[in-house]
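From first to last, the protein sequence lines stand for chains L and U.
Just so we're on the same page, our numbering is the position in the first sequence counted from 1, plus 63.
Just so we're on the same page, our numbering is the position in the second sequence counted from 1, plus 63.
These are computed hints drawn from the structure, not numbers from a lab.
Every value quoted in this text rests on a predicted model; they were computed, and no experiment measured them.
Honestly, I wouldn't trust all of these hints.
One copy or any two copies: either way a pair holds, since identical chains are not told apart in the list.
With a cut-off of at most 27 Å between alpha-carbon atoms, the simulated DSSO-like pairs for lysine-lysine come out as follows [claimed, not checked]: (1) LYS181 to LYS97; (2) LYS303 to LYS187; (3) LYS292 to LYS169; (4) LYS176 to LYS187; (5) LYS97 to LYS208; (6) LYS97 to LYS187; (7) LYS292 to LYS303; (8) LYS187 to LYS88; (9) LYS181 to LYS96; (10) LYS139 to LYS197.
Protein chains: 2
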Amino acid sequence: MSNIAIWVKYDGTHYCGWQRQPKHKTVQGVIEKKLSRILGSDIVIHGSGRTDSGVHALSQCASFTADLIMPEDRLKFALNRILPVDILVHDLAVMPDDFHARYSAKGKTYIYKVYLDKVRDPFKDSYYYHYPHKLDLDAIQKGMKYFLGTHDFKTFMASGSAVSNTVRTIHSFEVEQIGNTLEFTISGDGFLYNMVRIIIGTLFQVSRGKTNPDEIPMIVANLDRSGAKWTAPPNGLYLKEVHY
Amino acid sequence: MSNIAIWVKYDGTHYCGWQRQPKHKTVQGVIEKKLSRILGSDIVIHGSGRTDSGVHALSQCASFTADLIMPEDRLKFALNRILPVDILVHDLAVMPDDFHARYSAKGKTYIYKVYLDKVRDPFKDSYYYHYPHKLDLDAIQKGMKYFLGTHDFKTFMASGSAVSNTVRTIHSFEVEQIGNTLEFTISGDGFLYNMVRIIIGTLFQVSRGKTNPDEIPMIVANLDRSGAKWTAPPNGLYLKEVHY
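Work out the full structure, taking the sequences as your base and the hints as a guide.
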């Protein structure tokens, strides 16, 4: 048996997220079905983590063990031939036995995309968050700095999550304006459930003047989910890279 | 009764084209349903022409007569509030009584988008034609010139179309390379069914060395559909503008 990793790019618009579900189309479910067909046995893949319905990935990683009955390049080629057009396996490699896409991950980078037109754009709605209001980028950038470093991010976790250790470290957090779009890039050692979307949601509350950027350290310190009131929509979020 | 025109931007990926069909979701069908709900009577709209399944529009025009029970801006706003996110009415105006989106049209401009990566991109497949082969842009540009002017374009019409006059005039035809994408822009007094896609298909046969660009005048002159063998896929095509 070989320990195999795949790196997957997908448009999450038409999937009920990453994780396999009995009655819904998911990215994991589709990949497992196609891999099982090619390799002639039931394959179970382990992603680096879940992505929600509508969230995209530029490079999600997943690992699985299988009897590799063909060369790696051949398997990648065969897989991409039968995968739907909105999922692409851009890399595939045999890994050391102790590699696991989830447990070996040392961190992740996410991108969050926003477009700023007054009017919504039918071609952007699945790939960006639409922000039609006045932008206060200075206030957003002021707020962003407070997220850097090691904090207990309990405030920025979707309620109902059962995670005991909510301390995470954000290594970098940047924003770039390109024409009428914004692209946030955030890297850290790990992210709680919905953490990126709640952070981005809080920053747009700042842009709209509903939260003062200097309140953010207090909102973090309070460890109270009700302090971060808004979760930005999934369609602007992209898992860019998993770090190993 | 008022004679009203709307200009519509839509992502055609998830529609069976423009034209209303009893059992399938179409752009015309969806707009008519929403307009009828707002205006309280059955509305029938007339597009400038059909677009096929998967074809997009930056500005399709359609006209209809109705009892305008609210100001134009209010109707546009109400309509966009209930239209799905992949359809936007970007303009709405009361027109002279003799205006008709189809019969008043003096010409159209289409865009055709292509991306040139070796590997397919899950985020581009619904919005571009994927050309992974070696590009011969010089040969394409040489071939494009032969389409300019007035010709009988019978060769470049999908077989089975029942149109008596197949003479059309192409006013301009340009291509721009932006990074790894190509954008063709073609304007004319009218286009036969599938004409743009068959012209683009022929140009990529030229790029692949399967057709010599200097054969194009002969392919046009032969008036024989079998001379233009390949129809480029719908997803790269955008109706950019209808000229009145």
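Verification of the supplied hints:
no.	hint	verdict
1	LYS181 to LYS97	between (42 Å within a copy, 22 Å between copies)
2	LYS303 to LYS187	both (19 Å within a copy, 17 Å between copies)
3	LYS292 to LYS169	neither (29 Å within a copy, 53 Å between copies)
4	LYS176 to LYS187	both (10 Å within a copy, 16 Å between copies)
5	LYS97 to LYS208	neither (43 Å within a copy, 45 Å between copies)
6	LYS97 to LYS187	between (30 Å within a copy, 22 Å between copies)
7	LYS292 to LYS303	within (26 Å within a copy, 41 Å between copies)
8	LYS187 to LYS88	both (23 Å within a copy, 21 Å between copies)
9	LYS181 to LYS96	between (42 Å within a copy, 26 Å between copies)
10	LYS139 to LYS197	between (46 Å within a copy, 22 Å between copies)
Checked against the numbered hints given earlier, this structure breaks hints 3, 5; the rest are met.
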